[in-house]
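K.L.:
Using the sequences and the hints given, assemble the complete structure.
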Amino acid sequence: AQKVTQAQTEISVVEKEDVTLDCVYETRDTTYYLFWYKQPPSGELVFLIRRNSFDEQNEISGRYSWNFQKSTSSFNFTITASQVVDSAVYFCALSEKGGYQKVTFGTGTKLQVIP
Amino acid sequence: DVKVTQSSRYLVKRTGEKVFLECVQDMDHENMFWYRQDPGLGLRLIYFSYDVKMKEKGDIPEGYSVSREKKERFSLILESASTNQTSMYLCASSLSATFYGYTFGSGTRLTVV
Chain A
1 AQKVTQAQTE ISVVEKEDVT LDCVYETRDT TYYLFWYKQP PSGELVFLIR RNSFDEQNEI
61 SGRYSWNFQK STSSFNFTIT ASQVVDSAVY FCALSEKGGY QKVTFGTGTK LQVIP
Chain B
1001 DVKVTQSSRY LVKRTGEKVF LECVQDMDHE NMFWYRQDPG LGLRLIYFSY DVKMKEKGDI
1061 PEGYSVSREK KERFSLILES ASTNQTSMYL CASSLSATFY GYTFGSGTRL TVV
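Protein chains in written order, with this note's numbering: chain A, 1 to 115; chain B, 1001 to 1113.
Simulated from the structure, these hints should not be mistaken for laboratory data. Keep in mind the model is a prediction, meaning the values are calculated, not measured. The C-beta atom is built at its ideal place from N, Cα and C for all residues, glycine as well. Don't take every hint at face value.
[Stated by the list, open to error] Just some of the chain A residues that point at chain B, by a computed CB distance under 10 angstroms: (1) Val4; (2) Gln8; (3) Thr27; (4) Thr30; (5) Tyr32; (6) Phe35; (7) Leu45; (8) Val46; (9) Tyr64; (10) Gly106; (11) Thr107.
P.N.:
As structure tokens, then:
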């Protein structure tokens, strides 16, 4: 069975600090996909990134970066120079190729960026 | 701008009422999903549909049913609302959730009193 663990329930940082959100996953498949979503206070989850299991290259998008390490089954998300607008709940998710439309979400990490 | 629209943002219903949560998408996606979100539990899949009139149970289907008469519309039905169904309900659609992820609606916060 697939599982996603986000051990950090809530994190508070001061604006301009860097912050890393952890995500650890479990799966028996060799082909799978990992996702991060952002849920701002407005409520709508917004897709941030997708990574497949064969692509371990780290990705950077502006102040956001993602570190995928199959050896530790982790897909961590770092925000550099955090801003108040980054305050949200962030979800990590996993889907398996063999699991038809089955996506498993972590419990989320609530990030508060203090001005 | 592509959208998933949920008809109500906030809803208050009485125990025992039949409740309909509506979701419409304009992206021509085959796949639509209903999740509920609870603190500490993350998102849990209630039902999904991969085609008109087709449905599959998710992880927590008990107490819920769904209807998909048209491709763009996916309704979640609480046959007899109970207080433990007080939650945030999220609708999503996708070309393929496995490969592309979801587009979510803004959510409906349902309170059953």
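K.L.:
Identify whether the interface hint at Thr107 of chain A stands, where standing means a beta carbon of chain B within less than 10 angstroms of its own.
P.N.:
holds (4 angstroms)
K.L.:
Quick check on the hint: Thr30 of chain A CB to chain B CB, less than 10 angstroms?
P.N.:
Cβ of Thr30 of chain A sits 14 angstroms from chain B, so the hint is violated.
K.L.:
Answer holds if the nearest beta-carbon of chain B is closer than 10 angstroms to that of Val4 of chain A; otherwise answer violated.
P.N.:
OK, holds: Val4 of chain A within 10 angstroms of chain B, min 8 angstroms.
K.L.:
Against chain B, is Leu45 of chain A within 10 angstroms by beta-carbon distance?
P.N.:
Holds - the Cβ of Leu45 of chain A comes within 10 angstroms of chain B, reaching about 4 angstroms at its closest.
K.L.:
Close enough to count: is the Cβ of Gly106 of chain A nearer than 10 angstroms to one in chain B?
P.N.:
The hint holds - Gly106 of chain A has a Cβ within 10 angstroms of chain B, the shortest such distance being about 6 angstroms.
K.L.:
Against chain B, is Gln8 of chain A within 10 angstroms by beta-carbon distance?
P.N.:
For Gln8 of chain A, the interface hint is violated, since the closest Cβ of chain B sits about 13 angstroms away, which is over 10 angstroms.
K.L.:
Is the interface hint for Thr27 of chain A satisfied, with its Cβ closer than 10 angstroms to some Cβ of chain B?
P.N.:
violated (12 angstroms)
K.L.:
Could you check if Tyr32 of chain A really has its C-beta closer than 10 angstroms to a C-beta on chain B?
P.N.:
This interface hint holds because 9 angstroms falls under the 10 angstroms limit.
K.L.:
Grab the minimum C-beta distance from Phe35 of chain A to chain B and call the hint holds if it beats 10 angstroms, violated otherwise.
P.N.:
holds (5 angstroms)
K.L.:
Taking the closest Cβ pair, is Tyr64 of chain A under 10 angstroms from chain B?
P.N.:
violated (16 angstroms)
K.L.:
Verify the interface restraint on Val46 of chain A: the C-beta must sit less than 10 angstroms from at least one C-beta of chain B.
P.N.:
With a minimum Cβ separation of about 8 angstroms from chain B (threshold 10 angstroms), the hint on Val46 of chain A holds.
Of the numbered hints stated above, those contradicted by the structure are hints 2, 3, 4, 9, listed in ascending order.
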